[in-house]
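A.B. asks: Each chain, letter by letter, is given below.
Protein chains: 2
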Amino acid sequence: MPEIVPDKEIINAAHLRIAPYVHRTGIVTSAFLNTLTNAELFFKPENLQKIGAFKARGGVNAILSLTEGQLKNGVATHSSGNHAQAIAYAAAMVRAKAYIVMPENSPKVKIEAVLGYGAEVTFCINTPEEREQAVGKIIEQTGAEFIHPFNDYRVIAGQATAAKELIEDCGMKLDSIIAPVGGGGLLSGTALAARYFSPDTKVYAGEPEGAADAVLSFRSDKIEKAPFVKTIADGLLTHLGSKTFPIIKKGVEDILLVTDEDIIQAMRYLWERMKLVVEPSGAVALAAVLKNRALFDGKKVGIVITGGNVDLGRLPF
Amino acid sequence: MPEIVPDKEIINAAHLRIAPYVHRTGIVTSAFLNTLTNAELFFKPENLQKIGAFKARGGVNAILSLTEGQLKNGVATHSSGNHAQAIAYAAAMVRAKAYIVMPENSPKVKIEAVLGYGAEVTFCINTPEEREQAVGKIIEQTGAEFIHPFNDYRVIAGQATAAKELIEDCGMKLDSIIAPVGGGGLLSGTALAARYFSPDTKVYAGEPEGAADAVLSFRSDKIEKAPFVKTIADGLLTHLGSKTFPIIKKGVEDILLVTDEDIIQAMRYLWERMKLVVEPSGAVALAAVLKNRALFDGKKVGIVITGGNVDLGRLPF
Chain A
328 MPEIVPDKEI
338 INAAHLRIAP
348 YVHRTGIVTS
358 AFLNTLTNAE
368 LFFKPENLQK
378 IGAFKARGGV
388 NAILSLTEGQ
398 LKNGVATHSS
408 GNHAQAIAYA
418 AAMVRAKAYI
428 VMPENSPKVK
438 IEAVLGYGAE
448 VTFCINTPEE
458 REQAVGKIIE
468 QTGAEFIHPF
478 NDYRVIAGQA
488 TAAKELIEDC
498 GMKLDSIIAP
508 VGGGGLLSGT
518 ALAARYFSPD
528 TKVYAGEPEG
538 AADAVLSFRS
548 DKIEKAPFVK
558 TIADGLLTHL
568 GSKTFPIIKK
578 GVEDILLVTD
588 EDIIQAMRYL
598 WERMKLVVEP
608 SGAVALAAVL
618 KNRALFDGKK
628 VGIVITGGNV
638 DLGRLPF
Chain E
328 MPEIVPDKEI
338 INAAHLRIAP
348 YVHRTGIVTS
358 AFLNTLTNAE
368 LFFKPENLQK
378 IGAFKARGGV
388 NAILSLTEGQ
398 LKNGVATHSS
408 GNHAQAIAYA
418 AAMVRAKAYI
428 VMPENSPKVK
438 IEAVLGYGAE
448 VTFCINTPEE
458 REQAVGKIIE
468 QTGAEFIHPF
478 NDYRVIAGQA
488 TAAKELIEDC
498 GMKLDSIIAP
508 VGGGGLLSGT
518 ALAARYFSPD
528 TKVYAGEPEG
538 AADAVLSFRS
548 DKIEKAPFVK
558 TIADGLLTHL
568 GSKTFPIIKK
578 GVEDILLVTD
588 EDIIQAMRYL
598 WERMKLVVEP
608 SGAVALAAVL
618 KNRALFDGKK
628 VGIVITGGNV
638 DLGRLPF
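Top to bottom, those sequences are chains A and E. Add 327 to the 1-based position in the first sequence for the working numbering, that's all there is to it. Add 327 to the 1-based position in the second sequence for the working numbering, that's all there is to it.
Simulated from the structure, these hints should not be mistaken for laboratory data. Since this is a predicted model, take the numbers as computed values, not measurements. Just so it is clear, CB atoms sit at the ideal spot from N, CA and C, and this is done for glycine as well. Among the hints, a few may not be true.
With the C-beta cut set under 8 Å, the calculated list includes, among others, these residues of chain E facing chain A [as the list claims (entries may be wrong)]:
no.: 1; residue: LEU343
no.: 2; residue: PRO347
no.: 3; residue: ARG351
no.: 4; residue: LEU375
no.: 5; residue: GLY568
no.: 6; residue: TRP598
no.: 7; residue: GLU599
no.: 8; residue: GLY635
Could you build the full structure based on these sequences and the hints that come with them?
C.D. replies: See the structure below:
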């Protein structure tokens, strides 16, 4: 387990390592949204990724980075969402046991997906303390390897491959890439991918106003919690980690806030115009571009659509 | 305007002609649906096509097949749906005037899309007679070229390119290809593409029980109307035409009926598992595969997802 910030070689190795197990999701475009923004937008549709989200990249890289000895007692994590599925999927792939702690109020569809991969699910009350305590207990009893959802360099290196592909596949130099920020695994990976594979490309983040920890941390130069948490983008509620924050601070140009209304409008464009099922968190980067048109006017912009795991019975339209 | 059934050369020419103006939509797969069906499914996501449906192929080919003389008075058609958008899109591309007759109860979003391409829309009462009369009057007044939604060899040759790409891009020989059938433009094109580019591949169709004209026509060997019309698949209400029927009769293995319940279940899989926004008509082919598992068991099956133009305010979930 490399305890250094992933360098170019580590990200290249991660990309080769995960390639047989994840989709190279390609790039999609929309003439309508190009006209609307007066920019050239290149979307990375990670909603079409295995398990429906980019998290497959980090999960697969983390688990394939473990030795057989480390794998023999299984892997463990806590997550109500896409990271849970990613770890369950990756563990099944290498026939390792996966212990997943999920809040008891997790969406049924996500619990079923995790169980579908053969993982063992433990339910807990949905507070950070309860989650961590439950995982701690499992690790103590089983000796399983803990894989953090974002504050882990193996995970960060995996997430970096999404922006790496965007840079490689769009066929021209991007002026900027924008990704949403929650715990910062994807955003820090995006910043590293830009640094190594397209150093003139600026990296931006979109963040919900109702979970505005990253923008505060970015401005104050230390990890802050959000002043309040209330947003439809349920994948972005976490604050930054000790490993993701320094990479973000160094490599990200700015963090742009969006409201839930902005997010729903961006989702609507992605669904209606691009025919893509995208979860609210997955529409945050486009929402930020739509809200900051002057910043991206005339530019070539890569936009990461992060996931599409949404409950069809509870749509905001 | 070729008045012969499109041959291999005509379809190749159509493909080259439309290539700069439509997307090569690629192929998508789903491990979940492969396991569920015990088959290897290759989806052609024409919901990601220009104007959100395969109809762009036929519309663009028809319009690019016209001479400047034919184009100078514009083009005309009647359609409440995707063909209207296809003709409006293609006409705008060559700066020709498009006259579109639409039923007055057409979905607002489709009317707006057609207007958005700069077409002139005439509203009429939604009966076949009223539609044809309205188009006839426009053609008399303007001298515009009429482009039928499916009973036109230029349109059929354009639609054939979807299955041609599926055959070329899936990287192995398909045992069968299945497409939905309404008027039969796509299905006859699919049959021709299989005949010329993969002659051992069997072609099937899916059809809603609530618009079961094609299966009746197929069995009785003459064009029949549906005994009743009531289905969620609003893109498949028309009966076969004099040009599409003989090609279908010769080249299609069987036509498989599905209920609205089957269609909604298939839609749900496409949305939830594949993250694709697909309209009810677009899910009919998958519904037919799910309903006839023995027929496709262990087979390599190409499935055409025809379109994604759906009103988010009126979803069946």
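A.B. asks: Now, for every hint given, state plainly whether the structure supports it.
C.D. replies: Here is how each hint holds up against the structure:
The closest approach between the C-beta of LEU343 (chain E) and any C-beta of chain A is roughly 21 Å, which is over the 8 Å cut-off, so the hint fails. For PRO347 (chain E), the shortest C-beta to C-beta distance to chain A is roughly 13 Å, which exceeds 8 Å, and the interface hint is violated. Using the Cβ-Cβ criterion of 8 Å, the hint placing ARG351 (chain E) at the interface with chain A is not satisfied: the shortest such distance is roughly 11 Å. Interface restraint check for LEU375 (chain E): the shortest CB-CB distance to chain A comes to about 6 Å, inside 8 Å, so the restraint holds.
Residue-level restraint check for GLY568 (chain E) is violated (minimum Cβ-Cβ distance to chain A is 28 Å; threshold 8 Å). With its C-beta approaching chain A no nearer than about 5 Å, TRP598 (chain E) sits inside the 8 Å limit, and its interface hint holds. With a cut of 8 Å, the hint placing GLU599 (chain E) at the interface with chain A holds, because the nearest CB-to-CB distance is about 6 Å. Against a cut-off of 8 Å between C-beta atoms, the interface hint on GLY635 (chain E) holds, since the closest Cβ of chain A lies about 4 Å away.
The structure fails to meet hints 1, 2, 3, 5 from the earlier list, while all remaining hints are met.
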